[in-house]
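**Student:** All chains should be built: construct the whole structure from the sequences, respecting the hints.
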Amino acid sequence: MATAKDEILGALRKQVPIETPALPEVLEGDWIRYADPITQFSNLIAAVGGSCFVVAGIPDVVAQLESYSEYKKAKRVYSQVPGIETHFDLNSVASPKDLEDLDFVIYPGEFAVAENGAIWVTDKDLKHRVIFFITQHLVLVVPKSKLIHNMHEGYKRLSFEEPRFGLFVSGPSKTADIEQSLVIGAHGCRSMQVFLIDG
Amino acid sequence: MNAPIHKEHAELATEFVHNRERAKWHDSSLWFVRQKRDRQTHSIPEWEQLRELAATIKRHTLAKLPQYLEEFERNATRMGAVVHWARDAEEHNRIVLQILQEHGAKKIVKSKSMLTEECHLNPYLERNGIQVVDTDLGEWIVQLRNEPPSHIVMPAIHIKKQEISELFHDKLGTEDGNNDPTYLAGEARTHLRQKFVNADAGITGVNFAIAETGGFVVCTNEGNADLGVSIPDLHIACMGIEKLIPRARDLSVFTRLLGRSATGQPITAYTSHFHGPRPGCKLHIVLVDNGRSKIRASEDFHRSLNCIRCGACMNTCPVYRRSGGHSYSTTVPGPIGSILAPNRDAKSHGDLPFACTLCGSCTDVCPVKIDIHHQLLTWRKELAIQKVVPWTKRVSMSMAAAVLKRPWLYALGGKVARVGLRWMPRWMIYNGLNKWGKQRDLPPPPAKSFREQFRSRSKS
Amino acid sequence: MRFSHRFPRLNTTSVHSMRVGLFIPCYIDQFYPDVGLATVDILEKQGITVDFPAEQTCCGQPMSNTGCTDAARPLAKRFVEIFADYDYVVSPSGSCTAMVRHHYHDLLPHDAAYEKVQKNSFELCEFLHDVLGLRQWDGDFPYRVGIHQSCHGLRELRLEGSSEEMLTRPGKVRGFLQSLRGIQLSELSRPDECCGFGGTFAVAQEAVSVMMGEDRLADHKQAGTDVLTATDMSCLMHLEGLVRRQKMPVAIMHVAEILAGRKPTRPHSPAPLKSN
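Residue numbers (numbering that gives the first Met the number 0), protein chains in the order written: chain A, 0 to 198; chain B, 0 to 459; chain C, 0 to 275.
No wet-lab data here; the hints were simulated from the structure.
There are no misleading hints in this set.
A few chain B residues facing chain C, derived, Cβ under 7 Å:
no. : residue
1   : Arg321
2   : Thr356
3   : Leu382
4   : Met396
5   : Ser397
Computed from a predicted model, the values in this text were never measured in an experiment.
All C-beta atoms, glycine included, are put in the ideal place defined by N, C-alpha and C.
**Tutor:** Right, dumping it as structure tokens:
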């Protein structure tokens with residue numbers, strides 16, 4: 000008996016050929032660029048419900064975080080950013096379920112996109128990727144030199160040659176499913192701070 | 000499976016409009032989203048170029064679909080996923096159940112997937128002793144109400160906050176009369192967190208599957224898909240075979256179009272790229288045909304498979320906004336759904352291509368440039384050929400054409416009508432038989448037609 | 000400019016020798032004869048001798064749009080036969096023109112006569128703009144005018160850019176209206192939403208159709224429209240039906256009537272705006 004795969008592919012192959020345009024160039028092009036990408040990015044982060052801070056270095060990030068009452072009250076903080084203290088070693092956590100009470104995650108973003116306020120993060124050297132979603136507050140730190148204009152520049156930097164998880168995150172989790180009223184903090188983080196640092 | 004017997008769109012739409020305040024509210028809610036979309040698209044000078052690129056990529060992919068499906072399977076397998084193929088909804092459901100049973104999974108968290116809606120996966124799993132929770136807030140609300148989503152991106156757009164408050168009070172014991180969306184969403188968060196943490200498996204849909212890498216992308220705002228597949232050891236991703244794109248770089252076009260078109264956001268809050276399972280975990284991908292290959296074989300309608308399910312055609316459709324998603328009686332409602340549904344069952348959904356004024360707004364708003372309103376017009380012709388168009392319409396149109404082929408008969412008929420309209424008492428014109436005249440007056444008929452006046456004008 | 004000069008501006012002699020056939024949609028012929036006469040006046044003002052072939056009836060759109068191709072085909076065939084010998088076919092209807100231009104293909108495949116008629120058929124304002132090369136119209140119209148963008152004129156003929164698209168296109172109707180002395184154009188909150196006429200939709204989906212029409216009228220009301228105009232009498236007949244039934248203080252006029260210098264009287268006669 001033919002397998003489902005054989006039947007589906009067989010049916011598709013039997014069909015009258017559809018006109019096939021060539022695949023277009025999508026990376027190179029006259030795409031949007033900003034005179035001041037930092038301002039554009041900061042405004043967008045604010046517009047999507049997050050906060051963006053342009054600071055010199057890690058000590059400024061720490062100082063800003065320590066001004067938050069939530070951060071000071073936080074019982075469980077995980078940091079993967081060198082120079083920012085972590086409360087525990089993620090590799091010692093056996094199950095992602097054990098991260099349910101995570102308050103803050105501080106994580107390096109690989110690059111940030113001015114056109115839409117998205118930051119690329121991956122689970123490289125990360126045991127539990129659930130931290131991005133289960134934490135109450137997400138803090139991302141990105142060097143200013145890694146701020147790009149648009150998504151075409153973004154995908155130019157990405158390759159997916161090995162099994163890995165990566166995502167563009169843009170603002171805290173949100174929903175508008177109740178009468179189109181925007182509520183920040185749906186299932187993922189309830190707040191997101193982005194720090195653009197020198198470098 | 001027998002087609003469900005349901006009322007026609009016109010009848011359900013009339014019921015919806017009957018509650019005028021509510022219909023107005025529904026219309027404004029969706030128009031608000033359309034306006035958000037306009038603001039976003041206006042900020043991108045190359046918008047039309049992106050649409051053109053997206054349309055080209057999708058046309059290319061559809062033409063070479065078998066090749067890209069195989070490439071995807073090969074690469075997904077290399078990444079460590081297990082790929083399954085399903086001819087139809089039933090096979091899809093069986094595959095999902097079997098995977099769950101093999102893992103002993105009983106409690107499932109599912110993020111939004113129109114495919115699993117289309118396949119009616121939830122009731123199937125429930126019948127087989129599996130508990131499924133839809134974790135997208137809107138989907139969870141409609142699940143608790145035991146009704147289908149009314150919109151593919153905003154499943155609960157038809158429900159008022161008071162009703163959600165009552166529902167939550169009834170089902171979850173939230174405060175009586177607290178209609179604050181922040182409060183209600185917060186309660187949902189707290190309640191569903193426990194479901195996430197205790198789930199045995201997570202099921203997601205797929206927005207884009209990348210042939211060259213074997214990965215796929217899931218877009219959400221709530222973070223529910225990610226949370227749902229980052230805790231349990233098993234992730235099942237269900238996708239229609241039309242979700243393929245050839246290259247990862249093509250996402251640079253689609254991620255710019257999707258969020259802006261769907262909800263007027265520059266990008267969804269989470270755009271997650273999955274390549275293979277988490278270490279020590281399992282990832283299964285189910286590729287589903289369920290009528291798609293049949294649509295692809297249709298010269299007239301294959302372009303409808305380019306749809307990226309942004310829902311912009313619903314938000315812009317003046318009929319959808321005033322009739323509600325449920326009036327379409329199909330999983331994907333609105334303009335695009337009205338092309339897709341008759342492909343499945345022309346008899347049962349033959350009314351949908353007529354639930355449209357052919358205004359063309361859907362075609363202009365579509366991020367992948369599907370000629371939606373022209374396909375709806377083509378469907379009308381197809382339905383007439385299949386004799387699914389009601390005979391009253393066919394006979395009246397044939398009679399009209401018979402008159403219009405004969406200018407003398409047409410001129411005479413026009414004159415009789417005009418004279419009649421002038422002398423007939425109002426009750427003879429405006430009665431139950433005249434649907435035009437139920438809420439509208441006819442123009443006062445002139446004594447002479449244009450042709451009569453033009454003739455005398457030329458003579459003078 | 001990408002869209003504005005499909006045709007070079009013609010000199011006076013070529014205008015005089017031009018053979019222009021007028022297509023008057025059946026509902027205009029029977030119910031709104033003055034729209035037809037206004038169209039004739041406008042073309043004659045440009046030195047054009049207008050011919051109205053009396054054998055014409057209907058373009059076949061109602062049949063085509065209900066899927067009744069077999070009923071539509073003979074009407075399309077008639078249309079092409081009647082107009083095949085004209086240099087141009089002009090009609091005060093975006094919808095009928097769109098039918099001829101975009102939807103006769105299936106009805107009359109590989110028909111050379113159709114291809115000629117297709118190329119030469121124009122909606123009135125489009126003809127003034129594209130063929131005669133006009134950009135302004137001389138006249139007075141001291142009223143606050145709301146333009147209803149009939150969908151087929153807008154999205155099939157592209158008489159203006161639609162609100163969904165990110166393209167700049169010349170406003171072929173708007174441009175002429177804007178150039179009238181004393182006119183004010185009202186600003187709508189939804190600049191090009193459908194009125195809900197939609198041919199048989201108006202009857203088959205009566206409830207939604209009426210709600211759509213009422214919403215358009217409410218938008219014009221908030222925008223202060225005194226005279227509501229469009230390129231299509233079909234949309235206007237639907238809106239006028241609501242205006243008459245609800246006795247709203249709005250006049251309904253076809254664009255041709257405004258350009259031909261008619262005064263707003265139907266069904267209401269608004270006071271002219273005071274000149275500054």
